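Chain B: place on chain A using the hints.
Protein chains: 2
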Amino acid sequence: MKTKTLKINDFRKEFDKFLRDHLERLMVCSSFSSIINYTPLTGGKRLRPYLIALFSQAIGLPSELYMKLGVAVELFHSGSLIHDDLPAIDNDDFRRGKPSLHKAFDEASAILAGDFLMLYPVKVLQELTINEHLKFLLINEWIRTALSIIEGEYLDVTYEPSSNTKDVNRIHRLKTAELFGFCFSSPFICADRMEEAKKMKETGLRFGHIFQVLDDIKDKLQPIEILGKTPGKDEKLNRPSILRFMSPEEALNTSEKDFKTLLENIEYPEVCEGLKKLWKLIVKA
Amino acid sequence: MKTKTLKINDFRKEFDKFLRDHLERLMVCSSFSSIINYTPLTGGKRLRPYLIALFSQAIGLPSELYMKLGVAVELFHSGSLIHDDLPAIDNDDFRRGKPSLHKAFDEASAILAGDFLMLYPVKVLQELTINEHLKFLLINEWIRTALSIIEGEYLDVTYEPSSNTKDVNRIHRLKTAELFGFCFSSPFICADRMEEAKKMKETGLRFGHIFQVLDDIKDKLQPIEILGKTPGKDEKLNRPSILRFMSPEEALNTSEKDFKTLLENIEYPEVCEGLKKLWKLIVKA
Numbered sequence: 001m002k003t004k005t006l007k008i009n010d011f012r013k014e015f016d017k018f019l020r021d022h023l024e025r026l027m028v029c030s031s032f033s034s035i036i037n038y039t040p041l042t043g044g045k046r047l048r049p050y051l052i053a054l055f056s057q058a059i060g061l062p063s064e065l066y067m068k069l070g071v072a073v074e075l076f077h078s079g080s081l082i083h084d085d086l087p088a089i090d091n092d093d094f095r096r097g098k099p100s101l102h103k104a105f106d107e108a109s110a111i112l113a114g115d116f117l118m119l120y121p122v123k124v125l126q127e128l129t130i131n132e133h134l135k136f137l138l139i140n141e142w143i144r145t146a147l148s149i150i151e152g153e154y155l156d157v158t159y160e161p162s163s164n165t166k167d168v169n170r171i172h173r174l175k176t177a178e179l180f181g182f183c184f185s186s187p188f189i190c191a192d193r194m195e196e197a198k199k200m201k202e203t204g205l206r207f208g209h210i211f212q213v214l215d216d217i218k219d220k221l222q223p224i225e226i227l228g229k230t231p232g233k234d235e236k237l238n239r240p241s242i243l244r245f246m247s248p249e250e251a252l253n254t255s256e257k258d259f260k261t262l263l264e265n266i267e268y269p270e271v272c273e274g275l276k277k278l279w280k281l282i283v284k285a
Numbered sequence: 286m287k288t289k290t291l292k293i294n295d296f297r298k299e300f301d302k303f304l305r306d307h308l309e310r311l312m313v314c315s316s317f318s319s320i321i322n323y324t325p326l327t328g329g330k331r332l333r334p335y336l337i338a339l340f341s342q343a344i345g346l347p348s349e350l351y352m353k354l355g356v357a358v359e360l361f362h363s364g365s366l367i368h369d370d371l372p373a374i375d376n377d378d379f380r381r382g383k384p385s386l387h388k389a390f391d392e393a394s395a396i397l398a399g400d401f402l403m404l405y406p407v408k409v410l411q412e413l414t415i416n417e418h419l420k421f422l423l424i425n426e427w428i429r430t431a432l433s434i435i436e437g438e439y440l441d442v443t444y445e446p447s448s449n450t451k452d453v454n455r456i457h458r459l460k461t462a463e464l465f466g467f468c469f470s471s472p473f474i475c476a477d478r479m480e481e482a483k484k485m486k487e488t489g490l491r492f493g494h495i496f497q498v499l500d501d502i503k504d505k506l507q508p509i510e511i512l513g514k515t516p517g518k519d520e521k522l523n524r525p526s527i528l529r530f531m532s533p534e535e536a537l538n539t540s541e542k543d544f545k546t547l548l549e550n551i552e553y554p555e556v557c558e559g560l561k562k563l564w565k566l567i568v569k570a
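Sequences listed follow chains A and B, in order. Mapping of the first sequence onto the working numbering: position 244 corresponds to residue 244, and the numbering continues sequentially without gaps. To convert, take the position in the second sequence, counting from 1, and add 285; that gives the working numbering.
To be clear, the hints were calculated from the coordinates, so they are not data collected in a lab. Here the structure is a predicted model, which is why all the values come from computation and not from measurement. Even for Gly, the Cβ is constructed at its ideal location relative to N, Cα and C.
Among chain A residues calculated to face chain B with C-beta under 7 angstroms, some are: (1) 83; (2) 107; (3) 108; (4) 112; (5) 122; (6) 126; (7) 133; (8) 136; (9) 150; (10) 151; (11) 154.
Just chain A, with the same shape it has in the complex (with noise of 0.2 angstroms):
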């Protein structure tokens, strides 16, 4: 049977609409709320949701359940990406070529605003239309990967540029790959089936790696104009990077090798289908 495979760039469209109806719908005041609203609509691939998208349609999930999905990683990584950016962590002034929030507005809106898209999913989570238990166990999840993901930031911000490729690998895993392992794993928790959310989650988190390494040889040698945020900032400011240990060249051999091995995993064809042009588009990216 051939199936067909959503196309990221008619996901995207689709998506933006349904998180800007969203947005407009939240009950904060008006000036609050464009600020909340900057960061999560100011471009962006949404390449999460649409990861959360492709499982879900492979398994028949409404789609009314899997937008929310979306909105809620998408949200929480806006507002994660919105407290990196402040001058007290990351310091970068652009964000997807356009200003970060701190420098469009303020850094105490930047900070708030961050705290909000934060938490926020949260409610997300639980409004969606599925049972009480099934919701207990997503949101038990989301808020560990959620947790994680705070904790890895923090690793990341204090790593030591003395530490092992072991070091690199559990920032990595705690800071990028978790949120990637939610949105491989969430899909199934939601149609209760537990045990192919486990074995999902662990792709995810693979795919996660692998996906912070092609970020990691963007930082180093991508112009701004293609990055959309300040390059080289990585070894600038001594984040961890798998290229402290390996040259850009071996790092893509190694991540294609890994990716082809990732994909033996997934038995739905239209989701290893999605996944290699996804692939496609990052590397050439």
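Structure of chain B alone, referenced to chain A:
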């Protein structure tokens, strides 16, 4: 029947031990753990957990349950104070008579510890031993409260001194009173007494307003040695204060009247007794 009222000093000792034990079991790396622990374990009156305990004891909730509810509220409160104190917001170098977290460590640590402490309570509530439906209702109420506090903080920071008392009251409701509403109502949610939860939430909101007025008075009149943080901040930072519209004496008199009316809504004599002692403690301080 004569009931014994829980004394705040006895409770504080017990709660401090419970909180310390709880934080010791946090599964994060040790350096981040010291940063997370700093503010929650640096003093604090434990007023909010005490209020939860008062109501909980009156309706016979197990102590393990209400102590954890107290931990959730107190940790969120600490996280929110950490972000408040940051240079971009209140820029306060002192908290509870000790250096604020960003002075004791650094700003990046303070941002990330605040993020962690504001999210972590969801995990604490998820782990309560109540049934999944009550947990769902409790987390609904919690996340609504937490998001209100962040919005209130935003309104506080961007306050225009030309606003009227209605605006100031709204800010104080979101920023301060909502958390008291949760302290008053959450024991009843856990006990599946939803009608009372609703009624006590309203009473808690009124208590929160009174508390904020007393706080405004203290900010104006107390020296730093007693206040533990920099006094006169409301005026200096153009923050909303009820004292823009009335004298401290007038504010105190109105509050005292409001407090007496409020007590009439509470049918548990030991809770009223505890609240009266608390009132004396706050006014005297």
